[in-house]
Each structure stands twice: as structure tokens, then as C-alpha cells.
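Chains as they are written, first to last, in our numbering: chain A, 391 to 609; chain B, 391 to 609.
Because the hints were derived from the structure by calculation, they are not lab data.
Idealized CB from N, CA, C, for every residue including glycine.
There's no promise every hint is true.
Claimed, not checked - Over 12 angstroms on every C-beta distance to chain A, these chain B residues come out as not near it, computed from the model:
(1) K417
(2) P429
(3) K468
(4) G470
(5) S482
(6) L502
(7) S517
(8) S531
(9) E534
(10) K556
(11) D558
(12) Y562
(13) L567
(14) L575
(15) N595
(16) T608
Said to hold, decoys possible - Here are the simulated SDA-like cross-link-like pairs (lysine to any residue), alpha carbons at most 25 angstroms apart as the crow flies:
(17) B:K410 x B:M525
(18) A:K468 x B:K398
(19) A:K468 x B:L540
(20) A:K468 x B:P543
(21) A:K398 x B:Q458
(22) B:K566 x A:D558
(23) A:K472 x A:D558
(24) B:K398 x A:K472
To be verified - Chain A regions said to be covered by chain B (calculated; three or more residues, Cβ under 8 angstroms):
(25) 511-523
(26) 530-538
(27) 543-557
(28) 579-585
There are 2 protein chains.
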Amino acid sequence: MANILIEKKVLSANDTIASKLRETFQKHKIFVINIVSSPGSGKTSLLEKTVQLLNKNIQTGIIAGDVQTENDAKRIQKAGGKFVQPIETGGSCHLDAAMIEKSIAHFDLDKLDLLIIENVGNLVCPSCYDLGEDMKVVLLSTTEGDDKPLKYPSMFRNSSVMVINKTDLLYYTDFKLDEVRKNALQINGTFEIFETSCKTSDGLNEWINWLTKKVSETG
Amino acid sequence: MANILIEKKVLSANDTIASKLRETFQKHKIFVINIVSSPGSGKTSLLEKTVQLLNKNIQTGIIAGDVQTENDAKRIQKAGGKFVQPIETGGSCHLDAAMIEKSIAHFDLDKLDLLIIENVGNLVCPSCYDLGEDMKVVLLSTTEGDDKPLKYPSMFRNSSVMVINKTDLLYYTDFKLDEVRKNALQINGTFEIFETSCKTSDGLNEWINWLTKKVSETG
Chain A
391 MANILIEKKV LSANDTIASK LRETFQKHKI FVINIVSSPG SGKTSLLEKT VQLLNKNIQT
451 GIIAGDVQTE NDAKRIQKAG GKFVQPIETG GSCHLDAAMI EKSIAHFDLD KLDLLIIENV
511 GNLVCPSCYD LGEDMKVVLL STTEGDDKPL KYPSMFRNSS VMVINKTDLL YYTDFKLDEV
571 RKNALQINGT FEIFETSCKT SDGLNEWINW LTKKVSETG
Chain B
391 MANILIEKKV LSANDTIASK LRETFQKHKI FVINIVSSPG SGKTSLLEKT VQLLNKNIQT
451 GIIAGDVQTE NDAKRIQKAG GKFVQPIETG GSCHLDAAMI EKSIAHFDLD KLDLLIIENV
511 GNLVCPSCYD LGEDMKVVLL STTEGDDKPL KYPSMFRNSS VMVINKTDLL YYTDFKLDEV
571 RKNALQINGT FEIFETSCKT SDGLNEWINW LTKKVSETG
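Please put together the full structure from these sequences, using the hints given.
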């Protein structure tokens, strides 16, 4: 019981900072997404493709969260990411709003149109932490199984967009697109769903077009 | 700082129960493993195959942990698992020793030779929670990338065995067996490593033989 109260206190402190962040992002007209998934679903690969394909006029900041190492940030920079900040959580299983507050001090917010936060690979804990984002985007790869929305409902309920990644591997798995759509919409009836392969580039245009539209609606 | 102290207190309370569990398991000569991995790496598939292939004289209890749903426990029962207990954590990102203590009350420990605990799919949090097991077995599927031991070092450091699963998909990914072995052994030089495919059954004999040997050494 004491633990639950403490958890509520931590989350409430997080929410206070997240609300301030949201105000800041709105003031600067920045569209902000928080990308969440299991380890190895392809968050970094999607970000590599995104910085390559997005119109270069869209100034994009990227915060790459990781338990240990700055490898993801380095990969995104190598792919052409101009404004990339790593956060090493040092063991923590999620990013929190205080980490984001500290990280955005490195950006010139007046210049940014889009901020993408790559969360720690974890399909449970990050679902509870508001980072001041406009929406969470949950990535699910075809090799993880089409049952995952039912098994990790909090994450799928708290996300607005689902990206089904690694569609190039569909043929080699038992993953059924119809089934995952049904399971996801059962948890969250308003899901916007994309299907992508960062290997073949299938579906990436739809993702980029959606992102561009969202940025233009915010700016 | 307060949060760290509270976390230490929670972990210390967990360790006390885990120590008691370990004593109980040793008294009953039960070999106990705690299987950990990301969501969708194939823990349940490996357990389905394990109950099918293990010598039926080895009495095996299985605790199937899940955030929500009892689907994993049902799958293992359907595959032939005789003594299967589900634990629904109700949102919690890991199993803890108190959950195991409650769950084993449903088993006749005198009859068991082997207890397999399937943890929640999460490559971060379960690494900190001792469940009284003899060892943690970390599962990593080839579609998750060969960098994962470096990115989630706590889990790989605290595990004694690594099972590289979904080797049938090796040909379709950039995953390199040499690279993952190098990365894993860099974190944990004493790792015992298996390579399995639950689809083609490749490598399962080695896994079953190892498990059988461990059970026989314990009994």
C-alpha cells in the first residue's frame, strides 16, 4: 500500500513537469511524439529513415533514450540527424519528464518544428510516464506476435498511433495483420495504424506524410 | 534520493522472501530457472517445446507471469504442461518473490523436479528481482538485433544462460551470431549459450539435454 502511494507521488511529480513541458512545446509550436516499443522493434531504424526522408525544411530534434550506451543517438546522427541528444538513463527502465526538461536545454526551441523522443525499449513502464508529448507512437514488429496489444494493454491504450514494423518478415512468421489490427482496436478504437518496413522502405511514405501533416497543423 | 532509498527497501524485502524460497527449493531438490526476455522473444514457445520434449519422468511446474491475460499459461497447458500456474501482475512490469511464494502454494513441491518461471516480457526491471531461482535464463531472438547485451547489460550480467531464439529467421535479418556472442561474453564471460528455433526445432535437443542434466545434478 505504501508503495502504491509513493508511486502515485512520483507519477504526480512527473505529471507536473510534463504539463510545463507541454506548455513550452505548444508555445514554440513544436509537434512532439514519444516513440515506445519493446527492445529491438526498430525504433532507431525508423528514426534513421525518418531523418533521411523528412523534408529538410522541417527542423527536427531527436532525444534518444537508452538504458546504457549512446549507440542509438550515434546511429541517428550518422543517418543525418542534425539535432540529436542522447539520454542514458543509467539503469532506469523509462524516460521521465525531468530527463526531458534537462535534455531540451540543449536545443534552440525557437528553431524546432518537430521533436521525436525515442524512449527506452520497454513495453510496460514508459506507458505511465507523460513526457509532455502530443502523442505516444507505439511500434510493434511482426516478429513479436500479433497478441501483444492484448498482453500489454496499458501501452496500447495510452498510444495514439501504432506502427507495425518489419513487414518484410511477415511471410516468415505467424503474425497476422488482420489479427493485430483487431486486437489493437479492441484496446484502443481510435488507433491510427501504419505498416512499415525499414528494410524495403514499404509504407514509409505514408508515415512521413502523416508526420509532415501533423507538423504543418501544429506550426 | 528518497526514491532510491525506497527502491532499496523494496528490493531488500524482496531478497528476504527470495532467500526463503531458495531454501525451500533446495530442501525439495527442485532445479529452478527464471526465464526473462523482451516481449515476443519466444519464452512461451520455448516452454511449449520444453514440456513436449522433456522426459515425462521429470515432474515440471511452470509459473507463467503476464501483465494481463492468462494466455501464456493456457498455451503451455495445451502443449501438455501438467502443473501450470498463471500469475497476472495486473500492470506490474516484473514478477517478485512474494508473487512466487503465493503461487507455489498451489504445487506439491515434494513431487516437483523442475520449476520454470516465465517472467513478464521486459528486458529491464525483472533483472533486479531475485525469485529464489538457481539461475536466470535470458532469451534473445535474432530479430531484436545483436547489440542487445550491450544495451541492456544488467539483464545479461545477472543471467547465467543465454538462449538465442528464432534462428530460422537469421537469414532474413542483419543479426550476426559471432557478434552477439562477442557482445554477450563481454558483459558476462561465463555465459552458457544455446541457439534454438522453436519453428524448425533446431538446437532444442541441446537445450533439453542441458536442462535434464541440471535436474539430475539437483535431484
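Do the hints match the structure? See the list:
1. Listed as outside the interface, K417 of chain B is consistent with that label: its C-beta sits roughly 30 angstroms from the nearest C-beta of chain A, beyond the 12 angstroms cut-off.
2. Its beta-carbon lying about 5 angstroms from the closest one in chain A, P429 of chain B breaks the requirement of being farther than 12 angstroms from that chain.
3. Every CB of chain A is more than 12 angstroms from the CB of K468 of chain B (nearest about 14 angstroms), matching its label as outside the interface.
4. At roughly 20 angstroms, the least C-beta separation between G470 of chain B and chain A is larger than 12 angstroms, which holds for a residue marked as non-interface.
5. The claim that S482 of chain B is not at the interface with chain A is violated, since a C-beta of that chain comes within 12 angstroms of its own (minimum 8 angstroms).
6. The claim that L502 of chain B is not at the interface with chain A holds, since no C-beta of that chain comes within 12 angstroms of its own (minimum 27 angstroms).
7. For S517 of chain B, the shortest C-beta to C-beta distance to chain A comes to about 9 angstroms, within the 12 angstroms cut-off, and the non-interface label is violated.
8. A cut-off of 12 angstroms between C-beta atoms contradicts the statement that S531 of chain B is not in contact with chain A; the least separation is 7 angstroms.
9. Distance check for E534 of chain B against chain A: the nearest CB is about 3 angstroms away, which does not clear 12 angstroms, and the non-interface claim fails.
10. A cut-off of 12 angstroms between C-beta atoms contradicts the statement that K556 of chain B is not in contact with chain A; the least separation is 7 angstroms.
11. Residue placement check: D558 of chain B does not keep its beta carbon more than 12 angstroms from all beta carbons of chain A (closest about 7 angstroms).
12. The beta carbon of Y562 of chain B sits about 6 angstroms from the closest Cβ of chain A, which is not more than 12 angstroms, so the claim that it is off the interface is violated.
13. The claim that L567 of chain B is not at the interface with chain A holds, since no C-beta of that chain comes within 12 angstroms of its own (minimum 16 angstroms).
14. With a least beta-carbon separation of about 17 angstroms from chain A, L575 of chain B lies farther than 12 angstroms from that chain, consistent with its non-interface assignment.
15. No Cβ of chain A comes within 12 angstroms of the Cβ of N595 of chain B; the nearest lies about 23 angstroms off, and the non-interface call holds.
16. Every beta carbon of chain A lies more than 12 angstroms from that of T608 of chain B, the smallest distance being close to 32 angstroms; the non-interface claim holds.
17. Among the hinted pairs, K410 of chain B with M525 of chain B is consistent with the structure: their alpha-carbon atoms are about 16 angstroms apart, no more than 25 angstroms.
18. Under the criterion of a C-alpha separation no larger than 25 angstroms, the hint pairing K468 of chain A with K398 of chain B is inconsistent with the structure, at around 39 angstroms.
19. Restraint check for K468 of chain A and L540 of chain B: satisfied, since their Cα atoms lie roughly 19 angstroms apart, inside the 25 angstroms limit.
20. Only pairs whose Cα atoms come within 25 angstroms are accepted, and K468 of chain A paired with P543 of chain B is accepted, the gap being roughly 24 angstroms.
21. Taking the CA atoms of K398 of chain A and Q458 of chain B, the gap is near 21 angstroms; set against the 25 angstroms cutoff, the hint holds.
22. For the hint pairing K566 of chain B with D558 of chain A, the CA-to-CA distance comes to about 19 angstroms; that is within 25 angstroms, so the pair holds.
23. In summary, the hint linking K472 of chain A to D558 of chain A is not supported, as the alpha carbons are separated by about 29 angstroms, beyond the 25 angstroms threshold.
24. About 40 angstroms separates the Cα atoms of K398 of chain B and K472 of chain A, which puts this hinted pair outside 25 angstroms; it is violated.
25. With a threshold of 8 angstroms between beta carbons, the proposed coverage of the region 511-523 of chain A by chain B holds, since 5 of its residues qualify and at least three are required.
26. Coverage of the region 530-538 of chain A by chain B holds [criterion: at least 3 residues with CB-CB distance below 8 angstroms; count 6].
27. As drawn, the region 543-557 of chain A meets chain B at 3 residues by the rule of a beta-carbon pair under 8 angstroms; at three or more, the given contact holds.
28. For the region 579-585 of chain A, the proposed coverage by chain B is not satisfied: 0 residues have a C-beta within less than 8 angstroms of a C-beta in that chain, short of the threshold of three.
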